[in-house]
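What follows is each chain in one-letter form.
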Amino acid sequence: GENVEQHPSTLSVQEGDSAVIKCTYSDSASNYFPWYKQELGKRPQLIIDIRSNVGEKKDQRIAVTLNKTAKHFSLHITETQPEDSAVYFCAAIYTGGGNKLTFGTGTQLKVEL
Amino acid sequence: DVKVTQSSRYLVKRTGEKVFLECVQDMDHENMFWYRQDPGLGLRLIYFSYDVKMKEKGDIPEGYSVSREKKERFSLILESASTNQTSMYLCASSLGRQVLGAETQYFGPGTRLLVL
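Same order as they appear, the protein sequences are chains Y and C.
The first sequence finishes on residue 115 if you use the numbering used here, and the numbering steps up by one all the way, no holes.
The second sequence finishes on residue 405 if you use the numbering used here, and the numbering steps up by one all the way, no holes.
Possibly wrong hints are sitting among the right ones.
Under the rule of at most 20 Å between Cα atoms (straight-line distance), these lysine to any residue pairs were calculated in the SDA-like manner [said to hold, decoys possible]:
(1) Y:Lys44 x C:Thr393
(2) Y:Lys102 x C:Pro350
(3) Y:Lys59 x Y:Lys73
(4) C:Lys292 x Y:Pro10
(5) Y:Lys102 x C:Leu334
(6) Y:Lys102 x C:Lys307
(7) C:Lys342 x C:Asp315
(8) Y:Lys102 x C:Glu345
(9) Y:Lys102 x C:Tyr299
(10) Y:Lys39 x Y:Lys70
(11) C:Lys292 x C:Thr393
(12) C:Lys346 x Y:Glu4
(13) Y:Lys44 x C:Tyr353
(14) Y:Lys102 x C:Glu306
(15) Y:Lys44 x C:Pro328
(16) Y:Lys39 x C:Met377
If you are wondering where the hints come from, they were derived from the structure by calculation, not from laboratory data.
The task is simple: from the sequences and hints, build the whole structure.
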């Protein structure tokens, strides 16, 4: 089955700096890679996703890149703000085999003032 | 707006008790999932269901069972609760049909279960 590794487990940045979270996956058939954000005490919510037919996707201050050859994908947050502080989860799935996501272990991002 | 609700936010049970966790979604989603969330381990899939009365094991099904008698409701059952089942339990649902965005999972607020 799919295995997703996520690094780092914790990340602390100064407000305004950029943050990068990296994930690797094992199943070369995986073709959909979402990122979920979980604020303290709240439920995880989708913030951005990318499909295997594109290499990069942006949405305001967040972007995701995908390298299919190396089987890794990354979340980039620019101009970080205190409200970006949360746990971020990456995930991977082969959509032709159902909708069972495999999640990474999460990254606790702390944006310091 | 998709709404996924869970029957309890906090639950305290004794070792050996039978525990029921309920999840309801109101968007006619086909897929429903149960995860447990533990620090440093992320979200681990316990069971999932693609249709009514259908269930499949996830990565950590031992000690759990599920029931899906109606499309909108997915129940997680701990037959005999043990202390190592103390955790946060998250339910999720997704559309499931072959359309763009069908893979997006919508989570419930979670149930924090303490087994004494």
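Evaluation of the provided hints:
1. Y:Lys44 x C:Thr393: 17 Å, holds
2. Y:Lys102 x C:Pro350: 14 Å, holds
3. Y:Lys59 x Y:Lys73: Since the Cα atoms of Lys59 (chain Y) and Lys73 (chain Y) sit roughly 16 Å apart, the hinted pair holds (cutoff 20 Å).
4. C:Lys292 x Y:Pro10: 32 Å, violated
5. Y:Lys102 x C:Leu334: Holds - the C-alpha atoms of Leu334 (chain C) and Lys102 (chain Y) are around 9 Å apart, at most 20 Å.
6. Y:Lys102 x C:Lys307: Violated, at about 27 Å.
7. C:Lys342 x C:Asp315: It holds: about 18 Å lies between the C-alpha atoms, which stays within 20 Å.
8. Y:Lys102 x C:Glu345: 10 Å, holds
9. Y:Lys102 x C:Tyr299: Measuring from Cα to Cα gives roughly 27 Å; hence the hint is violated.
10. Y:Lys39 x Y:Lys70: 23 Å, violated
11. C:Lys292 x C:Thr393: 13 Å, holds
12. C:Lys346 x Y:Glu4: 15 Å, holds
13. Y:Lys44 x C:Tyr353: This hinted pair is violated, its Cα atoms lying about 24 Å apart.
14. Y:Lys102 x C:Glu306: 30 Å, violated
15. Y:Lys44 x C:Pro328: 15 Å, holds
16. Y:Lys39 x C:Met377: Judged against 20 Å, a Cα distance of about 16 Å means the pair holds.
Checked against the numbered hints given earlier, this structure breaks hints 4, 6, 9, 10, 13 and 14; the rest are met.
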